[in-house]
Amino acid sequence: GEDVEQSLFLSVREGDSSVINCTYTDSSSTYLYWYKQEPGAGLQLLTYIFSNMDMKQDQRLTVLLNKKDKHLSLRIADTQTGDSAIYFCAESNSGGYQKVTFGTGTKLQVIP
Amino acid sequence: EPEVTQTPSHQVTQMGQEVILRCVPISNHLYFYWYRQILGQKVEFLVSFYNNEISEKSEIFDDQFSVERPDGSNFTLKIRSTKLEDSAMYFCASRVSEQYFGPGTRLTVT
Chain X
1 GEDVEQSLFL
11 SVREGDSSVI
21 NCTYTDSSST
31 YLYWYKQEPG
41 AGLQLLTYIF
51 SNMDMKQDQR
61 LTVLLNKKDK
71 HLSLRIADTQ
81 TGDSAIYFCA
91 ESNSGGYQKV
101 TFGTGTKLQV
111 IP
Chain C
1 EPEVTQTPSH
11 QVTQMGQEVI
21 LRCVPISNHL
31 YFYWYRQILG
41 QKVEFLVSFY
51 NNEISEKSEI
61 FDDQFSVERP
71 DGSNFTLKIR
81 STKLEDSAMY
91 FCASRVSEQY
101 FGPGTRLTVT
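Chains as they are written, first to last, in this note's numbering: chain X, 1 to 112; chain C, 1 to 110.
For the record, the hints were derived by calculation from the structure and aren't laboratory data. Note that the coordinates shown come from a computational prediction; the quantities given were computed from them, not determined experimentally. Glycine is no exception: its CB is placed at the ideal position from the N, C-alpha and C atoms. One thing to keep in mind: the hints can contain errors.
[To be verified] Pulled a few chain C residues facing chain X out of the computed Cβ check, cut under 10 Å:
| id | residue |
| --- | --- |
| 1 | Y33 |
| 2 | Y35 |
| 3 | Q41 |
| 4 | K42 |
| 5 | V43 |
| 6 | S58 |
| 7 | F65 |
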């Protein structure tokens, strides 16, 4: 079945760039998502990329997709303390009804 | 900006009781989903719902679970007889294309 893997923890200094990496197994993935979850809160859709794209930029966020290696990354430029949260990589495919498969989440800690 | 809403934000219930978790998806969305996240674990798919019927469900979604869209706006998840292991955060989601999630309902079964 589908699987999505992420490292569990990332610590960066305020002002630096953060890069969160993810790998997935489903070659038929259509949407690749990044969701943000702050403590006790829901899943905020940060950004997503279609599988036929290599890159998507949205203000401080840059998503890179290497479809050959099934590798997705999220770069946050000028990381702020408010960016501290858990970041979930997720994918859904064009088959079925597009259930989303989530990774374990990467906890980003921003050090002032 | 339109958003998915869920009520209640926190529900405490005793084992064996029935609970209904409520969701209001984004109004022009056609596909609806429930997921759950047990504390410290991955977010897991439970069920998808389209055209007034279940379109896909996971192994977790057994006979104790049911979903309903009782009117044009609400989407509910019912757990008939709750177990301790049903304690989790339950997320509703909806989409036309990309999926948007609600803030979740924390269910605590004692």
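Here is how each hint holds up against the structure:
1. Interface hint at C:Y33: satisfied, since its Cβ lies 7 Å from the closest Cβ of chain X, which is below the 10 Å cut-off.
2. Residue-level restraint check for C:Y35 holds (minimum Cβ-Cβ distance to chain X is 7 Å; threshold 10 Å).
3. Interface restraint check: C:Q41 against chain X, minimum CB-CB distance 8 Å, threshold 10 Å, status holds.
4. Nearest Cβ of chain X to the Cβ of C:K42: about 5 Å, under the 10 Å cut. The hint holds.
5. Interface restraint check for C:V43: the shortest CB-CB distance to chain X comes to about 4 Å, inside 10 Å, so the restraint holds.
6. Nearest Cβ of chain X to the Cβ of C:S58: about 8 Å, under the 10 Å cut. The hint holds.
7. Interface restraint check for C:F65: the shortest CB-CB distance to chain X comes to about 15 Å, outside 10 Å, so the restraint is violated.
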